[in-house]
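The hints should help you fit chain D onto chain Y, whose structure is shown.
Residue numbers (the UniProt record's numbering), protein chains in the order written: chain Y, 1 to 112; chain D, 1 to 112.
These aren't lab readings, by the way, just hints derived from the structure by calculation. This structure is a prediction, so every number in the text was calculated from the model and none was measured. Incorrect hints may have been included.
A pair holds if it fits inside one copy or across any two, identical chains being indistinguishable in the list.
What the hints assert, rightly or not - Below, simulated EDC-like cross-link-like pairs (lysine to aspartate or glutamate); rule was C-alpha separation at most 16 Å, straight line:
#1 K54 - D19
#2 K101 - D19
#3 K67 - E87
#4 K58 - E70
#5 K26 - E62
#6 K24 - E62
#7 K26 - E64
#8 K8 - D97
#9 K54 - D43
#10 K58 - D97
#11 K26 - D97
#12 K54 - E87
#13 K108 - D19
#14 K8 - D43
#15 K24 - E87
#16 K61 - E82
2 protein chains.
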Amino acid sequence: MAEQVCHKADIMAIHDAMDVLNGKWKISILSTMCYYNRRRFSDISTDLAGISNKQLSKELKELEQNKLIERTVLATQPVTVEYSLTEYGWTLQGIIDDLAKWGSTHRKVIMG
Amino acid sequence: MAEQVCHKADIMAIHDAMDVLNGKWKISILSTMCYYNRRRFSDISTDLAGISNKQLSKELKELEQNKLIERTVLATQPVTVEYSLTEYGWTLQGIIDDLAKWGSTHRKVIMG
Chain Y
1 MAEQVCHKAD
11 IMAIHDAMDV
21 LNGKWKISIL
31 STMCYYNRRR
41 FSDISTDLAG
51 ISNKQLSKEL
61 KELEQNKLIE
71 RTVLATQPVT
81 VEYSLTEYGW
91 TLQGIIDDLA
101 KWGSTHRKVI
111 MG
Chain D
1 MAEQVCHKAD
11 IMAIHDAMDV
21 LNGKWKISIL
31 STMCYYNRRR
41 FSDISTDLAG
51 ISNKQLSKEL
61 KELEQNKLIE
71 RTVLATQPVT
81 VEYSLTEYGW
91 TLQGIIDDLA
101 KWGSTHRKVI
111 MG
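Next up, chain Y with everything else stripped away, as it sits in the complex:
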């Protein structure tokens, strides 16, 4: 009989990861800070063509609650708000890079 290893814990771990990273925008948003280090709201909005300000606000708030990003208010006139990855957020860098590579190949595949 074939070996039947139980992968329940692995599948649950993926579900936990996707629970934080879910939605079509979260990983893209994290990637902007991964590539540019610090990023303002308006920069991110330009990076991600198609996201509404309301949606971007919501996603940033959730990422902040999950301690993946931090919000820094600079005492400029007018104030500037910058977003960056926390040390914990940076642990996703390898996955983000691999997804970018995969997505780039995928684009070629679907474009024929």
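Just chain D, lined up with the frame of chain Y:
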């Protein structure tokens, strides 16, 4: 002045990847086939506690349309339908493994 490399293509590539892998279930579903090779509908439904049959059907259909999985009908009595990763689907294996590792650490982080 700091170097300003443009990462528009990388960010777009991630968006393309997440367009196919979006939703909280897709990567979990792919992972069941990655871990067990061939998987029946009812197995996947058990692997992923909480998904409805209707939702699972929809996700499987989308993954099949995107050529990441294939559906095999076995001539048993009654017929058995099995799902497995295509060669293209297997290109996601590294990302799936890394997400499982990250998710497992994340669970420890949120559990304190």
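Going through the hints against the structure:
1. K54 - D19: neither (20 Å within a copy, 20 Å between copies)
2. K101 - D19: Answer is between: at 14 Å across copies they meet the 16 Å cutoff, but 23 Å inside does not.
3. K67 - E87: Classified as within: same-chain Cα gap 9 Å, cross-chain 36 Å, threshold 16 Å.
4. K58 - E70: within (14 Å within a copy, 36 Å between copies)
5. K26 - E62: within (9 Å within a copy, 21 Å between copies)
6. K24 - E62: Both. Shortest intra-copy (14 Å) and inter-copy (15 Å) distances satisfy the 16 Å Cα cut-off.
7. K26 - E64: Within one copy only: 11 Å inside, 24 Å across.
8. K8 - D97: Answer is between: at 14 Å across copies they meet the 16 Å cutoff, but 27 Å inside does not.
9. K54 - D43: Answer is within; shortest intra-copy Cα gap is 15 Å, inter-copy 39 Å.
10. K58 - D97: neither (24 Å within a copy, 29 Å between copies)
11. K26 - D97: Classified as within: same-chain Cα gap 14 Å, cross-chain 19 Å, threshold 16 Å.
12. K54 - E87: Neither: 26 Å inside a copy, 39 Å across copies.
13. K108 - D19: Classified as between; 14 Å across copies, 29 Å inside a copy.
14. K8 - D43: This pair counts as between: shortest inter-copy Cα distance 11 Å, intra-copy 40 Å.
15. K24 - E87: Cα proximity of K24 and E87: none, with 23 Å in one copy and 24 Å across.
16. K61 - E82: Within one copy only: 13 Å inside a chain, 40 Å across chains, cut-off 16 Å.
Checked against the numbered hints given earlier, the structure breaks hints 1, 10, 12 and 15 and satisfies all the rest.
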